[in-house]
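Same order as they appear, the protein sequences are chains E and A.
As numbered in numbering that gives the first Met the number 0, residues 0 to 520 make up the first sequence, in order.
As numbered in numbering that gives the first Met the number 0, residues 0 to 520 make up the second sequence, in order.
Just so you know, these hints were derived from the structure itself, not from any lab.
For glycine and all other residues, C-beta sits at the position ideal for the given N, C-alpha and C.
Treat the hints with caution; some may be incorrect.
[What the hints assert, rightly or not] The following residues of chain A were derived to be distant from chain E, with all beta-carbon distances above 10 Å:
#1 54
#2 120
#3 491
[As the list claims (entries may be wrong)] Short, incomplete list of chain E residues facing chain A, as computed with Cβ under 7 Å:
#4 299
#5 361
#6 409
#7 411
#8 419
#9 422
#10 426
#11 430
#12 433
#13 508
#14 509
[Unchecked claim] Restraint-style ranges between C-beta atoms, simulated for each label pair:
#15 480(A) / 287(E): 56 to 62 Å
#16 421(A) / 417(E): 22 to 28 Å
#17 222(A) / 519(E): 49 to 55 Å
#18 135(E) / 222(A): 50 to 56 Å
#19 421(A) / 98(E): 56 to 62 Å
#20 53(A) / 3(E): 52 to 58 Å
#21 479(E) / 298(A): 48 to 54 Å
One-letter residues, chain by chain:
2 protein chains.
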Amino acid sequence: MGLQFPEEETPGIDYIIPNVDYLEKKKQNIAAIVLTHGHYDHIGALPHVLARLGNPPIYATSITKAIIEKRADDFPNAPKMNIQLVKNGDEMKLSNNITALFFGVPHTIPETTGVMLKTPIGNIVHFADFRLDYDDEGNPHGLEEFEKLGKMGVHTFMVDSTAAERPGHSVSEKTVEKNLEEIFRAAEGRIAVATFSSLITRIAEIIKIAEKLGRKVALNGYSMKTNIQIAQGLGFVKAKEGTLISVEEINNYKDDKVMILTTGAQGESNAGLMKIINGEHRSIKIKPGDTFVLSSSVIPGNERSVQTVKDNLARQGAVVYHSGLVDIHSSGHAPKGDIGLVIKLLKPKFLMPVHGYYFMRAANGQTARESGVLKDNVRLMDNGQVAELTKDEFKITKEEVPAYYVMVDGLGVGDVEEVVLRDRRALAAEGMLVIILTVDRDKGRLLKNPDIISRGFIYLKDNQEILDEIRKRIRGLMTRIPNFKEVEPDYVKTLLRDQVGQYLYTKTKRRPMILPVVIEI
Amino acid sequence: MGLQFPEEETPGIDYIIPNVDYLEKKKQNIAAIVLTHGHYDHIGALPHVLARLGNPPIYATSITKAIIEKRADDFPNAPKMNIQLVKNGDEMKLSNNITALFFGVPHTIPETTGVMLKTPIGNIVHFADFRLDYDDEGNPHGLEEFEKLGKMGVHTFMVDSTAAERPGHSVSEKTVEKNLEEIFRAAEGRIAVATFSSLITRIAEIIKIAEKLGRKVALNGYSMKTNIQIAQGLGFVKAKEGTLISVEEINNYKDDKVMILTTGAQGESNAGLMKIINGEHRSIKIKPGDTFVLSSSVIPGNERSVQTVKDNLARQGAVVYHSGLVDIHSSGHAPKGDIGLVIKLLKPKFLMPVHGYYFMRAANGQTARESGVLKDNVRLMDNGQVAELTKDEFKITKEEVPAYYVMVDGLGVGDVEEVVLRDRRALAAEGMLVIILTVDRDKGRLLKNPDIISRGFIYLKDNQEILDEIRKRIRGLMTRIPNFKEVEPDYVKTLLRDQVGQYLYTKTKRRPMILPVVIEI
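Here chain E stands alone, though its shape is the one from the complex:
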């Protein structure tokens, strides 16, 4: 039900959602949608696919419910959702023969829930996104719950692989909070903390620390404000009266009484932090003595934009802390050590690594084997494969179902196809050149000098010589075409594309997209 953000290979699109062609055909079999938590990579596709899945009931905890309801406001044409509120510990009948047991798992947003599906062939456990939490002595919390699940018997365990390559155990959120508090205490001027607005658990703690240190907290960025509003409404963020102020008010307080919580820790060009850095923010201007804290990891692909953030903050005199220097971020995903611990408690017969690239899932499979799962019982599946589960088997069938990206771009869902992306990539690399020939339909002669427009290739105004040469070659070409009565546009176009393309390549070693148009009068 989640969305995936665009990659280098999918320029310009907003996001990618799952392909539900296969499920749509079987929608009468869909008893329920179970949401584990409210992060967009787990709920973002909901309004796009819900109707196609027959609008089944959705099971979700309270904060997840609030987040999907908020998102539904932007999709007035999506069907009204039928949400069944659950809390961890609940057991719910999803269909005649499937019951769901919900249980809490630690993650970075409250009320994340794992689920055990009790089915006639056995219990299937999905652990959502999770990590382990540790107390001050370094002992993990809540393992008894997982042990209980193990005792019920687990047919298949589906386990988060996002951090499966990382050795060791989770950095405790306690450590993160302790380090943040130290940095905050040392700051003499204003403090700005940039983090994901979805890390509600941490944001709640940061607000608590700010109160302890006598700082007001201003929220900056749309998603920061809406997420905190939702979390406050449900009691997950407990700010005292007067703690939260608007960004406009920060100048009413001394610098050492102010903290700003902002979006944009990944260097996103339109997020709150970038506006501050670029001097475009109406109320917040960086000044020497400000302390900026990037309490987040760097999502692969964002390295350069985060580098720009750090550079520009430092250039403007701010003191910058980031998680590469000190533990001020802990991933929401369990590393190898935590995963091994949980597998040993659940003792599943089959293990299916989910979430994360193939290599990470393969690493998770290896952890499973080291933690007691039989070598042959690790199931590495790829998108589009189908498995059949029976009492004693987990069989990957030969069936293949459509699983290719469905791209959302503006209002279009799925209308940006590979051919459009290929053009975008080509245009980005080499630009294009449109050549318009206006010809006499009967005599095939040029009625005027060819019109040429170009973008992203070379700046034509500075390259009159190339323009003249192209026009000269086209005129030459047209006179050399054997005397014919009628223009054959396709023939002329191919000729133009080849000859002009060849000339430009020789001249510039570049291959712009050449788009010939023949206007017959």
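Put chain A on the given structure of chain E with help from the hints.
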């Protein structure tokens, strides 16, 4: 004299070279070019800028000389270079009053040389790219040399900041070799090692280990072959007769007698490794039991393509080792601990961090202060600033000189300007739509239905409705234009751009580049 590879913001270009407009005007003052080593980020711009700098003598060690001579083959129009061969320890008179003392620094390519410029105002030391090397007991090599430099007195020390944020000391190349040997010994099938072809020191060691284990070595990838050839010619790679085989020959040997050394560790789409992975290599097909070793770091920006490499190798059954799992790569750049050690030996009066983003250079400045440089004597300069050095001062002037990227794209140097890149980025994000109106010059009426072509926007063949609507609107527009005698093309174009743009945005929430063309007959 180096080149920089393109970034996300500079799509389609080949590479970026320095702007020498300022130096060109002062070329009569340029006494020499000193090259510290043969990596492209230090020598790649040479053929492009040499003539503009007045072709001064170039000082270089033997392998650097061989590499720039090889590169010069591709630039027949560049001036013939005047290369002065130096070896570490040499002292050379560059001009009337400037002498250069060359000294070896450890890096990943042989004969990397630092330089001390002895000038009337004092000694300026540039340390090239460097790290420290350690013996088996963990003691750094060659510090006496640096201590000697310090004793001569150092006015300004220019120091590599690439790894300045990393705490601690360099991973010893000995450790890397030990780990590689262990992995190689454990491999039962073929071994393929992907690394930068410029890491000649490591490649030389890998070939030695291969010989020890009785494996033949096949080189894959153009730059791997040419670099090893150069290094062999100069004695830096000493392969026994018969060790090196061609990739075509690998199938003549048992799997456990073969090692492949390949380019493409960054997942570059046209490099050797990618051809193997995609099944496009004529001689090398992956089979289960192959061991692939990625002995390199991941250059920021390449995270996703390296992930693809790991995924696809694992999918095809290869065992994969990478430097995230075990120390099989050591950076050529000194981390904080090493830098501090060297600063303490050199005792410079002024310190100027070079190489690396601003944040890294600022971190290096901090290291300098912690290592005894006076707080006020750290000089953080940005591209385009000018400093004036006197006996007692290092003054950053107010002068600003052109320093913006010069982009090389095909045969063009500097002709891809910001306007072209802006168009490329826009085309990549939203695509474009060309609208061609053929109008009667006198009556201003449309002579035919408007022609529309589009790329990278939506696939028009699947969206006939939108096409029809655009045409309908254009016709409506033209009839509503107050009756005029002559067409005013600019007015019509602006109208079209606005109205069609607005319609498309409402319909699709996308803003393709709209290029109206008015053909008057």
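Taking the hints in turn, this is what the structure says about them:
At the 10 Å boundary, the C-beta of residue 54(A) stays outside the reach of chain E, the nearest C-beta of that chain being 24 Å off. Remark: the non-interface label on residue 120(A) is consistent with the geometry, its nearest Cβ contact in chain E lying 29 Å away (cut-off 10 Å). For residue 491(A), the condition that its CB be more than 10 Å from all CB atoms of chain E holds, with the nearest at approximately 15 Å. Because the smallest distance between the Cβ of residue 299(E) and any Cβ of chain A comes to about 4 Å, under 7 Å, the interface hint for this residue holds.
Interface hint status for residue 361(E): upheld, as the beta-carbon distance to the closest one in chain A is roughly 5 Å, under 7 Å. For residue 409(E), the suggested interface contact is upheld, since its CB lies about 3 Å from the closest CB of chain A, less than 7 Å. The interface hint given for residue 411(E) is met, as the beta carbon of that residue sits about 6 Å from the closest beta carbon of chain A, less than 7 Å. At about 6 Å, the closest approach between the beta carbon of residue 419(E) and any beta carbon in chain A falls short of 7 Å, and the interface hint on this residue holds.
Restraint check, residue 422(E) versus chain A: the minimum CB separation of about 4 Å is within 7 Å; hint holds. Taking 7 Å as the C-beta contact cut-off toward chain A, the hint placing residue 426(E) at the interface holds, the least distance being around 4 Å. This hint holds: residue 430(E) has a C-beta 6 Å from the nearest C-beta of chain A, less than the 7 Å allowed. Checking residue 433(E) against chain A by beta carbon gives a least distance of about 5 Å; that is within 7 Å, so the hint holds.
A least Cβ separation of about 3 Å between residue 508(E) and chain A falls short of the 7 Å threshold, and the interface hint therefore holds. With a cut of 7 Å, the hint placing residue 509(E) at the interface with chain A holds, because the nearest CB-to-CB distance is about 4 Å. The beta-carbon spacing between residue 480(A) and residue 287(E), approximately 58 Å, falls within the hinted interval of 56 to 62 Å. Here the CB-CB span from residue 421(A) to residue 417(E) is close to 26 Å, well matched to the stated 22 to 28 Å.
In this structure the hint that residue 222(A) and residue 519(E) lie 49 to 55 Å apart at CB holds, the actual value being about 51 Å. Checked against the hint of 50 to 56 Å, the pair residue 135(E) and residue 222(A) passes, with Cβ atoms roughly 53 Å apart. Checked against the given bound of 56 to 62 Å, the beta carbons of residue 421(A) and residue 98(E), roughly 57 Å apart, stay inside it. In this structure the supplied range 52 to 58 Å holds for residue 53(A) paired with residue 3(E), their Cβ-Cβ distance being about 54 Å.
Between residue 479(E) and residue 298(A) the beta carbon distance is about 50 Å. The supplied range of 48 to 54 Å therefore holds.
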